[in-house]
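Protein chains in written order, with the numbering used here: chain A, 1 to 333; chain B, 1001 to 1149; chain C, 2001 to 2376.
For the record, the hints were derived by calculation from the structure and aren't laboratory data. Each hint should be verified, as a subset may be incorrect.
[What the hints assert, rightly or not] Taking CB as the label site, the calculated pair distances span:
(1) A:M67 with B:R1122: 42 to 48 Å
(2) C:G2014 with A:A60: 29 to 35 Å
(3) B:A1012 with C:T2055: 40 to 46 Å
(4) C:R2188 with A:S184: 42 to 48 Å
(5) C:D2169 with A:L63: 52 to 58 Å
(6) C:S2287 with B:H1114: 53 to 59 Å
(7) C:D2247 with B:A1012: 37 to 43 Å
(8) C:E2197 with A:I86: 42 to 48 Å
[Claimed, not checked] Covered stretches of chain C (in silico footprint by chain B; criterion: 3 or more residues with CB under 8 Å from a CB of chain B, positions within the stretch not fixed):
(9) 2168 to 2174
(10) 2319 to 2325
A quick note: this is a predicted structure, and the numbers were derived from the prediction, not measured. Built from N, CA and C at the ideal position, the CB exists for glycine as well.
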Amino acid sequence: MTLAAIPPWIMLLVAPFVVLNVVIGMVTYITLLERKFAARMQSRIGPYRVGPHGLLQPIADALKLMMKEDIVPAAADRRIYNLAPIVFLIPCMLIFATIPFAPGLGVGDVNIGILFFLAVSAMEIVGLFMAGWGSNNKYALLSAMRAVNQIISYDLPFIFSALVPVLLTGSLRMSDIAAAQQGSLLKWFIFYPVIGQLSFIMFIVSTLAAENRVPFDILEAESELVAGFRVEYSGMKFALIQLGEYAHMIGSSFLGALLFMGAWSGPGPEYLGPIWFTLKAVFLFLVVTWIRWSFVRIRVDQILALSWKALLPATLALLISTAAVVVWRSGGF
Amino acid sequence: MTADQARSSIAATFGVEVTAAVPMVVTVAPDRWEELARFAKDTLGCRFFSFLTAVDWKEQGLEVVVKVDNLDDNVALLLKTRLGPGVSACASLTPVYRGANWMERECFDMFGIHFDGHPDLRRILLEDTWVGHPLLKSYAVDTPHPPYR
Amino acid sequence: MDWSGPERLQMNMGPQHPSAHGVFRAIVTLEGETVVAVDAVIGYLHRCHEKLSETLTYAQYPSIASKTDYVAAMTSEFAYVMAAEEIGKFEVPKRAQYLRVIVAELQRIASHLLWLGTWCMDMGGALGGGATIFLYCIRERELVLDLFEALVGARLLYGFFQVGGTRYDIPDGWAQKCRETIDLIEGRIDEYEQMLERNAFFLARAKGVGIVSRELAQDVGIAGPLLRGSGIDYDLRRNAPYSSYQDFDFRVPTEKDGDCFARYRVRMAEFREAITIIRQALDKLPSGPISSRPALKSVAQIRIPKGEAYARVEGPRGEVGSYIISDGSAKPYRMKWRGASFSNLAILPLIIPGHKVADVVAIMGSVDPVFGEVDR
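Using the sequences and the accompanying hints, generate a full structural model.
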């Protein structure tokens, strides 16, 4: 029974449910993966006691967070404070709606897939700022101001570097971009001479910044702002914010794997496609984690200088040269 | 400026005897306190401000002690002044050495010495509402612990 | 003081803060992201050591003295014991002097390892690259603390010094273990330097930040790596040698720029010099008694004649000094601790204004205060 034989209304009901649950399950276990990975980098072991080799640790953490007392600061703006984690979480989950996990297997495959992804993922700023503002706390406010600055500055290079594979494919639809990389390893856009590598690197850097990961994590700069915009959240609301952050992280990894590493292409039969896709996304996640645990963070003015003075002109130039290469390749000149 | 030159120039300017130990001890009257500090910094080149403290000599009153160093010529000076019995005010050395700022606040906190000319004299180690000055010999003598002498 | 003005925000980097290095409160006035004024509030760890020392004998106090600078406990005891010996004119045997030097330099290595770890953690976050370096440095520091445990029995706060010499002698095999440890640490210091100095982010955070001019350094009275990082070539171990430091051959690293990176380079060079000194001291360790006074039980009385003395030691943070006025009895009449961190911390309100919020923690980390010494 092929995927095309399933009636579309079943797909519409079942697919989002399945994708959402898989994503949440994956996010919880990706935290364990990060902790183990970081621990090995720091010559220690990481979670070990809860369950065999710490495998039940995320479950224990989730249970703990659910049982915690829900504290709302007395002077906080209650409606905004309570709404912020939800407004933060929804875009982070919505980005999975356009990602095709296999040809035809996905929640929805709009023909402006990339645009939808990038636009929706930028909407988390609203939730972030609401959290910082509603907490009525100077640290949170400072962090929220920095957040808006940073994410807006880095969304532009993020979009431009993500547009390079779009130009190379000629379509905004995600499954088209993935399909253009099928066939052989060398068709992956990361192996496209010069342009592929450069845009991949810029994509990684922009992702780091858009995700508030060290070296760009001034938002939650723990040693200065003590958890930044989420300093006043506890219990389930904190869990929602964490969930949203890691979901966004893994969503960007999926996007990167799709744009640059051929999505579901891999040896073996076709039904192994989603597994290869997931493995590539996890690999990208580990690359970002590796960077995170090796560098110190840089100051906010240095971050903004890097974005506006270096990354934005570079990605613009790359985009224009990609366009020129595409035209030349198709014999336009 | 060797140690001997420093001793003779202090003796000439202030008319007091300077000991030959390391560090050299100079005792002057309180009214020439700031002048001595300025002399040490400008003429003798003792630009390194080490510490400022006080000693409670009970009936004889308080004494303020300052140590300054000349790092290049290896000259060390211990400047002392005896505020009289019952006197707890002294000129501030903050205009001369910026390091005296926190040290004088600590002296005020611990001994109750008021430094005239200090820009921001308030308690530094104890909280602002504390009553009493702990390092005075008359503080907390009625505690059950071994008596303070 | 009133720093109010248009668009100014007063923020409290309070005593409970992941990077306060202890209990320290900085009331920071911000204009946007730039710091305009810093009011440093200290005294959360004040235990009035100076009053306490008037109730304890010269034999009892050295164990308490370690609690001022609890990260480099050996140097605090060293200063107190040297001052008492100077007044009482006690001779310290050569072996004891060499042991004191070995222990002081090992303590310098341990303290600088902690400084490096916590400074990078302040700059990089406890969930980031800083924590990685922090864990590596703590791993090395544990090796040094194991040496101290074999020697004294305690890991952090020792009672190693006594008036007249030291209390313990080195056990068998300790010298060999010590050599192996410092060889290992020397290799690891190279790794840390590589990891940090080739990192553009680290350089961007540390260079040009927190510049202390030569004149300000002397005026405020900061000492140690801060002074040497600003270009003043002054080290007590060479300029005013004590406890046989003149027998050893070592360089004094100095840097001219006065920023955080210069202080970092001075401390990294001090690692190597400390290792050189330990090697020389272990090679030339003479035999003999370890104390010129009989072995003490803790309440024994040492009577020191009337007099006063100021003894100073080059600790990892600067000049730790002890000014004792004795009145002929078994307890001091007045004891003043010249805490290195107290003088060093006084420079913060003078150099931080003009920097960004993120630089406050970087500068504080490079000043390396220990609040036991600041508050006493």
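Checked hints:
| no. | hint | verdict |
| --- | --- | --- |
| 1 | A:M67 with B:R1122: 42 to 48 Å | holds (46 Å) |
| 2 | C:G2014 with A:A60: 29 to 35 Å | holds (31 Å) |
| 3 | B:A1012 with C:T2055: 40 to 46 Å | holds (43 Å) |
| 4 | C:R2188 with A:S184: 42 to 48 Å | holds (45 Å) |
| 5 | C:D2169 with A:L63: 52 to 58 Å | holds (55 Å) |
| 6 | C:S2287 with B:H1114: 53 to 59 Å | holds (56 Å) |
| 7 | C:D2247 with B:A1012: 37 to 43 Å | holds (40 Å) |
| 8 | C:E2197 with A:I86: 42 to 48 Å | holds (45 Å) |
| 9 | 2168 to 2174 | violated (count 0) |
| 10 | 2319 to 2325 | holds (count 4) |
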